[in-house]
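Asks: Going down the list, the sequences are from chains D and Z.
Every letter in the first sequence is one number past the one before it in this note's numbering, and letter 75, counting from 1, is 107.
Every letter in the second sequence is one number past the one before it in this note's numbering, and letter 378, counting from 1, is 364.
Using 27 Å as the maximum straight-line C-alpha spacing, the simulated DSS-like pairs for lysine-lysine come out as follows: (1) Z:Lys163 - D:Lys133; (2) Z:Lys182 - Z:Lys163; (3) Z:Lys1 - Z:Lys163; (4) Z:Lys52 - Z:Lys1; (5) Z:Lys1 - Z:Lys182; (6) D:Lys139 - Z:Lys152; (7) Z:Lys152 - D:Lys133; (8) Z:Lys182 - Z:Lys4; (9) Z:Lys4 - Z:Lys52; (10) Z:Lys221 - Z:Lys83; (11) Z:Lys163 - Z:Lys152; (12) D:Lys62 - Z:Lys152.
Since the hints were made in silico from the structure, they are not lab data.
On a predicted model such as this, the values are computed, not experimentally measured, just so you know.
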Amino acid sequence: MATAQQVPLVDYLVLGDAVHLEANECTSCKARFFDRRNACAACFGTQFSKAKISNSGIVRSFTIVTFAAPGVPVPFVAAIIDCDGTSVRANLINVEPTPEKVSLGMKVQLATYSLGTDDNGAEAIGFGYEPAL
Amino acid sequence: MATDDIYILGINMTKFGKYPDKDVVDLASEAVMAALADGGVSMADIGILAAGNLMGSGGVGQMIQKQVGQTGIPVYNVSNACATGATALRTAIMAIKAGECDMGLAVGVEKLAGVGLLGGGGAPKTPGKQWAPTGRYGAVTNVDGLIGTATMPGTFAQVGMEYGHKYGGATFELFAKISEKNHAHSTLNPLAAYTKRMTLEEIMNDIMISYPNTRPMCSANCDGAAAAVVVSGAKLKTLSREQQRRAVKVSASVLTSDPYQEACQVLPDVNTLTRIAAKQAYESSGVSPQDLDLVELHDCFATAELVHYDNLMLCEEGGAVDFFNSGATWRDGSTPVNVSGGLESKGHPISATGIANIWEICHHLRGEAGPRQIEGAKVGLAHVIGLGSACGVHILEKSAL
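Isolated chain D (complex conformation) (with noise of 0.2 Å):
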């Protein structure tokens, strides 16, 4: 459930009851973005639309980050999930970081979790992907 004390950790995250991803949708090719575009790097279309990512999809590469920047918590999984056509980038979460229990083609779903309060008292949430039921 979000409160007006929700922030997301990206624009693209939608919070509330039907928490999902969105992204600009050329309205000609298709083409679809997560950030803002000034024409469709595909097609030169300049007309753009929201668009809902489908909250399950398939691990198609991932990596193990055991080594990141001071202060990145390590080790955490790295991975690209075709989401229905719709490739995301995302950790893979609530999963033991290690090759036996991840793997290339696994099924998996949207998940979101606390990234902690601020001083106003808004909580921002991230997102991330955990292996399907």
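Following the hints, complete the assembly by docking chain Z onto the known chain D.
Replies: Leaving out everything else, chain Z in the frame of chain D:
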């Protein structure tokens, strides 16, 4: 030789390694002076200078001129990620092709020893103050480590793993074996930063950086420079027979950027632009992948080398794992790849790399590679890729003399 052909007349790379007492201008000037001497020419002959230095403050071309000769010629300071050196070379080649001059100089230099992990940005914030959205994605904190990774080892690990997802067979051990090959090759290269042979076990048991890349499977950050003098066929005809004999023909010089692909916003696509560059290079030179006596490709990580076997069409599409397992890419194989030791052992001083790999090919085509000479080498290919992305492919052929 055709008058409109382009040749490498002189070329040099410094030894790659650590140079605490030299700055980028010292290293670049050393390579430039040696390339000019190698070509038997001087700065008075040079009509254009293209210079690359990615991590510096800019304007390295003019700083080099102050060390080697200020003649008022146009200077192009270029920056194109890890393809910067190849871009500098191609800039000089284009100036000659355009008829602006008949001889040009390209140089790439980097001081990278000890810089550590590249890419990814900083750590996430700890709660406090205010979660305020900033940037193109409205992020309330640094996202590396929260939304996947943009570190170089992590990015290229995913590039290799994605190939495994598509075609299978790309195991940790396979990637480590690619690294084993390049470290074995490096033992014959006195200019490599690291020349120690490593066993498969040593490689797999070394520090894991970003699975499946352990430390020796990552390119080595180091210092170095490389420079090349390029000349038109028409001008080369006026030079000595010895200069003509040692000149190496640039049969193809191609630079591409990444065309739109569905996933390129979340994982840089290093495949499509390499495949397009290779296709253009083969078509314009009339050389086929089977003709290549040696290849220097951009093994910034062991996981990257695998995909480029396929992208450069050295094997059937989807066949890179079998191709490697056949032994084809070892120095005694059918298509020796990275006989210099590659970026994993020779080192990767970013802007120097795209000229240093040309130097390696030229060294063999001239028959001057000593103990690591690929016997009878007549044709070679040099490839670099920079994230963002930029890809340079050059095909080089031995002089007909």
